[in-house]
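Order-wise, the sequence lines are chains A and B.
For the first sequence, the numbering used here begins at 15 and goes up steadily by one.
For the second sequence, the numbering used here begins at 1061 and goes up steadily by one.
Because the hints were derived from the structure by calculation, they are not lab data.
Nothing here was measured: the structure is a model prediction, and the numbers come from that model.
Mixed in with the good hints there might be a few duds.
As the list claims (entries may be wrong) - Computed far set for chain A versus chain B, every beta-carbon distance over 10 Å:
id, residue
1, 81
2, 303
3, 428
4, 526
5, 770
6, 780
7, 793
Unchecked claim - Simulated DEER-style distance windows between Cβ atoms:
id, chain 1, residue 1, chain 2, residue 2, range
8, A, 236, B, 1094, 17 to 27 Å
9, B, 1084, A, 388, 35 to 45 Å
10, B, 1072, A, 16, 52 to 62 Å
11, B, 1072, A, 373, 37 to 47 Å
12, A, 642, B, 1104, 46 to 56 Å
13, A, 482, B, 1094, 22 to 32 Å
14, A, 630, B, 1097, 33 to 43 Å
15, A, 370, B, 1084, 12 to 22 Å
16, A, 236, B, 1097, 17 to 27 Å
17, A, 625, B, 1104, 23 to 33 Å
18, A, 174, B, 1072, 48 to 58 Å
Beta carbons are placed, not taken as given, at the ideal position from N, Cα and C, and that holds for glycine.
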Amino acid sequence: MNYELTTLFGLGSGYLVLLFGIAFITERGWIPQKLVRHPVVYVLSLGVFASVWAYYTSVGNALRDGYGYLAPAIGISLAFLLSPLLLKPLLELTRTYQLTSLADLMAFRYRSPWAGTVTTLVILVGVTPLIALQIRAIAETAAILSAQPSQGPVAIGFCILITLFAILFGTSRRAGRTRHDGLVMAIAFESLVKLLAFLSVGAFAVFGAFGGMDELGQWLQEQPQMLSSLRDTNYFSSFHVMALLFFTATVAMPHMFYVTFNESNGQRSLSFASWGLPLYFLLISLPVLPILWAGLRSGSSIDVEYFPVIIGVAYDMPMFTLLAYLGGLSAASGLIIVITLALSNMCLNHLILPIYQPTAKHDIYRWLLWHRRALITALIWAGFLFYYLPQDRTNIQIIGTVAFTAGLQFLPGILAILYWPQGNKKGFIAGLGTGVFIWFVFLMLPIFMELESGLLSLVSINFREIAALSLISNCLIFVAVSLLSSTTDEERSSAEICALDTIRRRKRSGLVAKSPEEFIRSLSKPLGDKTAAREVMQALQDLNIKLSDRRPYSMRLLRGRLEANLSGLLGPSIARELIDGYLPYSIVSEHGSSDLNVIENRIESYRSNLSGMAADLDNLRRYHRQILLDLPLGVCSLSFDNEIVMWNHTLEEFTGIKSTDIVGSQLADLSEPWLSLLTNFLDEDSSHSYKHNFELDDHKKSVNLHKAIIDESGKQDSSHEGVIVLLEDITETEILEAGLTHSERLASIGRLAAGVAHEIGNPITGIACLAQTIRDEYQSKELNNLAEQIIEQTNRTSKILQSLVNFAHAGTSQTRYENEIVSVLDCIEEAKTLISLDKKSKDIHFQMDCDPQTKIMGDFQRLLQVLVNLISNARDASQPDSNIILQVNVEGDRVRIAITDEGIGIPPAIRDRIFDPFFTTKEAGEGTGLGLSLVFSIVEDLNGDIDIISPIDKSKGRGTQVILRLPCYHEGGSQSTSAREQEAEAQ
Amino acid sequence: MYIPRSILLLLVIIYLLFLVGVDWMNLPEAAWYRPFLLGFLIVAVSSWAHREQGSDEL
């Protein structure tokens, strides 16, 4: 059964258009991100490695090498199964430093543009035949199925479509930064189609061609050579080399590097792929043998490699032929798209940019985009020419296999990145050169020489021995040259970054550019204003640093990030050249200048990877750090050059400066008053300084300061690592001390007053006696009346004096007061009479609003004292001819007495202090300042409370109302609860 | 150098399985798909070894 070439071409074109559609709707965001970023999609996109090699060539390999055809799948699976040893550390490196290809990685690790250039060239040579192989597979399957010898038009059409797809979905202005979701989704879809197609054809081979597993087993028993050839030890001829080659290819081949590292979603996806990809390769290898046997049984004369497409025709099931053709198309197109994308970046960064760089006048992004597109086109068509030009195309596969072996030469260099920091660029280039030389002279040249003989095979050119020899020579030369030659500091530092078991003690150096704006100005020279601004803003955004940040620590991070971002755009060599040239360090300090913040951040981010003793040490470090951070004293640690290394929580609270804003700054960047406080103290010789007073937000603050020098143990010189400053906030203690002193003073005055009261008591008693004598001895009514008033007043005075004595012994009062029924009205009237006796009394009008029946339980004299005090205060504050309103009413079981004046009111500033003893606003001699404080304590004694509202008239700011609430006595009924309580207490 | 424990365990398991598995799949009466059964077993063990353990994304 033959197909029309146009049918096959239409099918292929339709399939590629479908891919366009998938990529398009993904880029538009019509497919949920959850699905696009799912690890399964990542694993399927990694399936791009299963090219026509796995699809067609493996069937031929199975015939020749038996189980040896599994070598590529085993090599790749091993690399992923052991991903924590190789792929995961490399993923971290490539993500941190934006390394998009093996050439970038080599140039970064070995600090040499040459490492990148040589790597690119070797890969270019090794990969071009691979592209040609894919084109050949598509063209030849089309030719077989259509029975037309002319393959050219199919190959050309295929190349045009693939070029368009790669350019449209693989290149963007932000290449190297972002994932190409559309491309990844399309590639994942291709891998799925490829897998399903191959499994379907395999299932058809077993159940369609043979009729079932039992029939297949029976057929195999009839053909014993089939099973024995599978286990023929000859298959080991190149098994090890092939497995090792494909193991290396997971990192060395541009398409694998691209998908594994550039399109990864992080460690989680890679963990998933660690078993997901081996499963994929296992599944895609499974149908190979049934397809081979079904093809052999059919007696087809077509090349064994194309059995997947031919068995459908041979067993008259055309659907499986078309399915297999689509699967092959998927395998070839996926590989070509990804490999040319990755290679175009490598060629641009390591072959073109080192020779020619765009000037600042160009739009760099546009320039890079168009050059990348041109390179993709050139690479696809170079592959086409490699396929199209040779007369004898059957040998492309051998050439492809051998060319691919060049990738093996990167194995020593890749392993040294992670595990051998002593390896240097001279060793790497010498080893790689030796390996590639042996490979070229003893493998490639004989191939071209034997092409004429037509007897070319891997065995005839001693493929296994020479591949092993080239690798061993490469390793030996690499090690020998690295050990014998010198390594630059820059290279050593780069090796430490890459090595797994070191956390680099980065040197902390100052930068010439001190702010992001200066960064933009410096980078404008090579990149142009627009690009420089865009790159700096992008780096700031990546690091979550504000544009206003000036901290040296932030500037160092910004420089590192810019180098990484530019590395993603222009390759690490050019990026480093630009950064070193335009953002240089001002000083390179050697002693003790490790960037502790960076080291700590790195340990923090690596924490979950620590185990055993390393994890215990890290826990100990965190514990000690937490002690310092949570210490209830302010801790500020400074480096030897006064950079702030630690700023703990207490200090954050005290100063209001967050540690995230200040750590990494110079001490000089601190705001006042902290700058003067700390710098003055650091300049002092003494290690302790007590009671530093300063103003902070109009509040007086007081601190004690202590400092200690951090010495590196064992160092004999006078240098030190830094200083630790402790800051103790003693403001509260100072206030308490001042309060205590004040209380002491008050207590002294109280004692004095008590003494004076005692002394006054005696003459008062004398006066009272005399008044009683006058009352008793003289008959004059007027005189008796006066004497009665004198006695009454002396009694009152005695009681006041007694109160004063009691107040002085506050809390120790032994005096018992009367608990009687008191008429509030009588008490008010009495108070008014007493006040009216004062000669200085102003002409004040009292307005009474009082129920004469209102009574309270308490002490008449003490309530009188309260009322006299309050009314006289109201009078003093009032203008002549003004009113004082006295209201008494009952509120439940309380009596409310309100005294309202129209006076000047109480200023808000003193409102809280009016009940303080000895506080007065009256002039000296006019008041003692004890009045209201006595009122307060008496009201409390009477189980009442007191409220002051001032001003009453808020618009004028005048008037004061004092409200007393006292327990009510209900005539003939029960007493108020509080009165009962008081009674109970008295009993 | 730091090597995760799961990998050490995996290496030992792979080595032991490899020795036993190669003998087992090379028996004369062995079915053709035996190497694949071995492969599925390795993938199953690997998926257990690489199970998610709350890693921090670096």
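Checklist entry - Which of the listed hints are broken here? => result 1, 2, 9, 11 and 15
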